[in-house]
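Engineer: Okay, here's what each chain looks like letter by letter:
2 protein chains.
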Amino acid sequence: MPSYKAPVEDVLFLLDDVFAIQSYGHLPGFSDASPDVIGAVLTEGAKLCEEVLAPLNQTGDRQGCTRHPDGRVTTPEGFKAAYDAYADGGWMGLSMPAAYGGQDLPHVLNSVMQDFASSANLALSMYPGLTQGAMAALLVHGSEAQKRLYLPRMIEGRWTGTMNLTEPHCGTDLGLLRTRAVPKPDGSYAITGTKIFISAGEHDLSENIVHLVLARIEGAPAGTKGISLFVVPKFLVAEDGTPGARNGVACGSIEHKMGIHGNATCVMNYDGATGWLVGEANRGLAAMFVMMNEARLAVGIQGLGQSEVAYQNAVAYARDRLQGRSLTGAKAPEKPADPIIVHPDVRRMLLSIRAFNEAARALVLWTALQADISHRSQDPQERQAAEDHMGLLTPVVKALLTDLGFDNAVKAQQVLGGHGYIEEWGLSQFVRDARIAQIYEGANGIQAMDLVGRKLPRDGGRAMMRFLGEVEGFCKQNAGDEAMTPFVVPLGKALGDLQAGTMWLMQNAMAKPDNAGAGATDYLHLMGLVALGYMWGRIAKAAHAASASPRMEAKLVAGRFFMERMLPETATRLARLSAGADAVMAMPAEAF
Amino acid sequence: MPSYKAPVEDVLFLLDDVFAIQSYGHLPGFSDASPDVIGAVLTEGAKLCEEVLAPLNQTGDRQGCTRHPDGRVTTPEGFKAAYDAYADGGWMGLSMPAAYGGQDLPHVLNSVMQDFASSANLALSMYPGLTQGAMAALLVHGSEAQKRLYLPRMIEGRWTGTMNLTEPHCGTDLGLLRTRAVPKPDGSYAITGTKIFISAGEHDLSENIVHLVLARIEGAPAGTKGISLFVVPKFLVAEDGTPGARNGVACGSIEHKMGIHGNATCVMNYDGATGWLVGEANRGLAAMFVMMNEARLAVGIQGLGQSEVAYQNAVAYARDRLQGRSLTGAKAPEKPADPIIVHPDVRRMLLSIRAFNEAARALVLWTALQADISHRSQDPQERQAAEDHMGLLTPVVKALLTDLGFDNAVKAQQVLGGHGYIEEWGLSQFVRDARIAQIYEGANGIQAMDLVGRKLPRDGGRAMMRFLGEVEGFCKQNAGDEAMTPFVVPLGKALGDLQAGTMWLMQNAMAKPDNAGAGATDYLHLMGLVALGYMWGRIAKAAHAASASPRMEAKLVAGRFFMERMLPETATRLARLSAGADAVMAMPAEAF
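Top line first, the protein sequences correspond to chains G and Y. Numbering follows full-length UniProt numbering, in which position 475 of the first sequence is assigned residue number 475; successive positions increment by one, without gaps. Numbering follows full-length UniProt numbering, in which position 159 of the second sequence is assigned residue number 159; successive positions increment by one, without gaps.
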């Protein structure tokens, strides 16, 4: 059976040594997050993930969810108890306001817990994950009465949440959506329509399910400007929160999927269900977008999570499996063969994953810290810079971490050879589960378009300028430090590719938007590689400053591997981008 | 339900226009392969794959194989009838000698049929595929009596074959194998041991199963030099072929795998089973290696097969699914949205697959033609050149086509968005099935070591020199042709990277073999990209020469896409290779 150990020490190093979290003490919530508190919180979270969530991952995959003829959905054995343990531990409201029962700790700690939980059991972690997403939307857009009604019970874990966007004929293009809302005399609405791909839409973990639903109010404009957001509880609730009659919403079927079998993906049928408007009428899409940054960051974390757990299990196999001899002579002459970790090609695979995991985790924490600043800082300039950063990096984190997270799960599976293909060993599940993260919460091609079409040009490119400037500044600051040369020289070269790619887009995409579309994915990966390279620069700097240890030594090796073998891909990405859209657009649709 | 249409026209273009198959008329077997015969054979094969094999692919995945308490294994519904149709059509012995009941047609046609069949139903196609592998070994190494006993019945499809190499503690490192063979007075051997991962080891498709088994004769040397090859039929057979008593071999269990569910992957227990030596004692590994080129070529074809069928289904979805509007204005203003094939990023994904498929198919046919020459030519020089080519390109075809074939199935799945993740749509199965081809028949890292450590330096690098010379010659010949400029200029650049990489290996890998190991995979992909680029050069040349048509126009666009967007990856591969082994080897095993 696969196993999982949460990388608590690595996280603490990143928070303390790389990002100096103690310097954020001026922000509300951070002052409570002393090193002791952070250490205790993460140790407790790690324990829950390792001991409660992870052991259920494989059985959850095997059993999957079951929809019964009466529309009930049951989750795999043990999920209910594990979910309760998660809720009882206070994890649901870790960074939610104390006013609603949350712990008001920094969001960055929540991101760490998402990392651990998605490694341990992605399917299970999605139930609280979606609840947190729904809470974020209610927190920003809900009325005070809605917040008081829903948030405390969701934080307690008694009620869970969902997001209902997709319909059979519309996913990315929400302007086409048909679910309609008819106003009722009491101010509520009757919601009717079919939603698909609703994760956690129905299950047996909580007393009630709070559906957030996009629908069109009768007579509203067509397209995206006529979409409103509604809250539709599975059980209607009294003002004091007592659940009452069943609402007119039911799970019509669940999907048979490639992975995340433990999470129910539901077709939800709304048949005159009673819902209440959240925020302003016809502004539903905007309401959704506000919470999308954090949801997308969370999905990026899922990519990292599968990469991490796949890596750990591949390393365990590579240390254990005896096969062949080292090219430079036997390393375990007393054994019939050497462990395969002696072979350079096995190490290449493992190091590719490792070199990603550490930098990706840094990128997640760095971005999550910006989310904290953007929510909590009193300084408008600091807040704006953080918002710029979040907006710019969110699509990169989402797409890059899920693309590479999936590739890494595949690489880890390859380390196990034939055993990697057998379900019993668990690597197949990591691959199958990781795959969804490239697709949902905006497929990765959509992330690339968001980056190139919206985030990059916004405010005259201010956010990108700042990012490029920060990386350039780091290279310059450390140019004289010999120990940093193996990091800043390749980083500077990759930054040059990114600058050239950005310039190319500025010159070629305005007049010909297909050039932006055809190059978007490559540009996103180009930028992502530079961001990971910058993270390695920061990690290396902190590792040099820390007292020497095998752990710090290993970081410097993994970082060098990244610089020598992974970062050079920027050249290919730039070449693809600069090729432009001609060959991409030349073929008539019928000739494909 | 996914569908499949065999690319017969593309194959005919490659055989006739690109590789001038009619010029091979001096080889035995080819004179019978007139254009009419080839056309009829491929049309018939396409029909069988499209109408009989493909419709069972999804049900085979869902039902899988079942092992019953008595050790019997049953295959999914319909597999037996489809297998019979395959055998009855004469496909099993398409390129086997007429003396044993085969049709003696060129091997290249067999490769085409493998391409079609693995697209249509990979799991099902493996039953005849393994039988062909076993036949190839018997044909080269079996005694005349063994050939007369086994081959005709295998060609008829009444008996199937398997290859038994792997044991629980040894896969790649066969020197460790423990299955033992004790001589019996009648000249046969008693075989005892456990073999794992035996595809098609037990099933209900044929009257008998002919196991080829690697085992160590009592008293034989340790390591790879003491391994012999045995033939062990499931039912003992009289000299006239009548099946008799059950032999001492049984299926102990079948594996629960990520994919190819319709093919039974068996643990085979040999308990004093009667077997007969095939070829010389202690030369079993050499006997296996002879047939490995064709088996590995066949697995490469499986990668292409999944890429092709995934592409076809992604294109169908992209033409049908309406979502969003083209960046340059509505293309289907009469509809609520444009089909997603208008979006550059969707086209990028589709064209990446298409640009691979066509060139990969060319590479397969080119290599299969060398197999034909090496088996059939009377001219020793021609034969040697063909053997050089086969030996050099086989690991490249196996690893490159399965790595990219898998990546392409993933890309095709991405085109379907959320639907790609739902089993009903079939893309998930293509991904899951494609994954095995990177692992079995020598994991791809082993292919890379075979290329760099054995094939490249063999005979003073003769085969590689010839390959580099051929590509260089092609570039020079076409340098003056303006229409060929978009092909030969990038190809020449990529060839330069390959020459530099080869030189780097010569200078750095002799003294430090870890440099070869750490760079092997990147070198293989570097060479594979150049090989695909060369194929595109050849295709473009033939397309220019053919009369203009939308089909030829589409080839030129796909080829240009390859040159502009895929071939530039050679630079990154070269950079990784040239980084050397230092960072790869620096980390102690315990620090991973």
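Source of the hints: derived by calculation from the structure; they are not laboratory data. Incorrect hints may appear among the rest.
In this list, chains with the same sequence are indistinguishable; a pair is considered to hold if it fits within one copy or across any two.
To be verified - EDC-like, lysine to aspartate or glutamate: derived pairs with alpha carbons at most 16 Å apart:
(1) Lys225 <-> Asp173
(2) Lys331 <-> Glu590
(3) Lys335 <-> Asp173
(4) Lys331 <-> Glu387
(5) Lys493 <-> Glu564
(6) Lys5 <-> Glu553
(7) Lys331 <-> Glu218
Bear in mind the structure is a predicted one, so any value in this text is a computation, not a measurement.
Engineer: For each hint, tell me whether it holds in the structure or not.
Structural biologist: For each hint, the structure was consulted:
no., hint, result
1, Lys225 <-> Asp173, "within (12 Å within a copy, 64 Å between copies)"
2, Lys331 <-> Glu590, "between (58 Å within a copy, 14 Å between copies)"
3, Lys335 <-> Asp173, "between (60 Å within a copy, 13 Å between copies)"
4, Lys331 <-> Glu387, "neither (52 Å within a copy, 36 Å between copies)"
5, Lys493 <-> Glu564, "within (12 Å within a copy, 22 Å between copies)"
6, Lys5 <-> Glu553, "neither (21 Å within a copy, 55 Å between copies)"
7, Lys331 <-> Glu218, "neither (74 Å within a copy, 29 Å between copies)"
The structure is inconsistent with the numbered hints 4, 6, 7, although it conforms to all the rest.
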